[in-house]
Amino acid sequence: MSFFTGLGEKMKPFGQNVGKQFSQIQQYAKERMGSASDVTELPAEYRELEEKVDKIKRLHENFLRVSRNFTLPHYDYEPPLKETMFDFATSVGDKATFLAAAGAKAAGVQAAPPVSPRSGKEETPASLAHAFSRAAYVSVEDLGTEEPLGAALKKFAAAEERVGNSRLQMDADATGKFHQPFSATLNQTIFNAMKARKKVQSVRLTYDACRARLKSAKPENVEPARIEMEASEDEFVAAVDDAMGKMKVVVESPEPLKNLADLVAAQLQYFKSAYEVLAEVSPEIDELQITNEALLRHPTD
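Using the working numbering, you'd call the opening residue of the sequence shown number 46 and step up by one each time.
If you are wondering where the hints come from, they were derived from the structure by calculation, not from laboratory data.
Simulated crosslink set (DSBU-like; lysine-lysine; CA at most 30 Å straight-line):
#  : residue 1 : residue 2
1  : 199       : 317
2  : 303       : 243
3  : 240       : 303
4  : 97        : 244
5  : 102       : 293
6  : 293       : 100
7  : 243       : 100
8  : 200       : 317
9  : 97        : 293
10 : 240       : 97
Based on the sequences and whatever the hints tell you, model everything.
Right under this line is the structure:
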C-alpha cells in the first residue's frame, strides 16, 4: 500500500501541471473565439517594453545575418571550382582557427603567412587581395623583374598581400568585437527576456481562468476558488515583474552601440591601412608605367 501511496504523491505535481495546462488552453480558446468576458490587460509600461525589445531583437537578427560573412572563408573571393574542391576543408579550418583566436583575445592576431608563388600546397587565397597577390607573384616568376611590368607586378603583389592581411585583421576584430557579442546578446539577454514574456502569457491565462472559475463558482466552492485565484494572481504579478526586469536589461544595455562603434573602428582601420598601402605603391607603379612607355617609344638596339 505504501508503494501506491508514494507513487500517488509523486504523480500529484504531474497531474496539477496537466490540469493547469488544460486550463490555459481552454482560456486561450475562449479568448480567440471572443467568448472570454474579462481578460487581464498588461501594464502600459510592460507593453512599451515588449515593443522596444521586439525592435532590438530584429536589429540583432538583421545585423547577424550580414556580419556572419566575417566568419566565412574568402567571402569576397569566389575561387575556381577545382581550387574550392581541393582546399575546402583546409581553408575552412584555417579561417575558423584564425577567427576563434582573435575572438578570444579581441585583439590583434598575427598576419596571414606570405603568399608564396607556386607553393607546393596551393591553398585557396584568404581574400580577393590575397588572390591578386598570388596571381601577381606567379607572373613575376614567369616574367622576372628586369622589365617594368615584372617590377610593377612584384610591387603590386606585395601591396595586395598587405591589404589582404589587413582585411583578415578586420574580419577578426569584427568577429570578436561585433558578431560574437551581438550573437551572445541575442542568444542570452534577449532570449531570457522572450522566455520571461512567454511565462507571463502562460501565467496570465491561468490567472484569468481562475478568475472566471471564481465568478461562476457555487457558494460551497467559492473559498477554494478564491484561494486558487489569489495564488495565481501572486504568480502573475511576480512573472510580470520578472519579465519587465529582464526586458529593461535588454532596452537599457549599452552593448549594441558599443559593438557598433567597434565594428566601425575595425572597418576604419582596414580602409585606412589599405589606403596607405595603395597610396604608397600607386606612384611607384605610375613611374614604372612611364618608364615602360618610354622604352617602347625608344627601344634599345
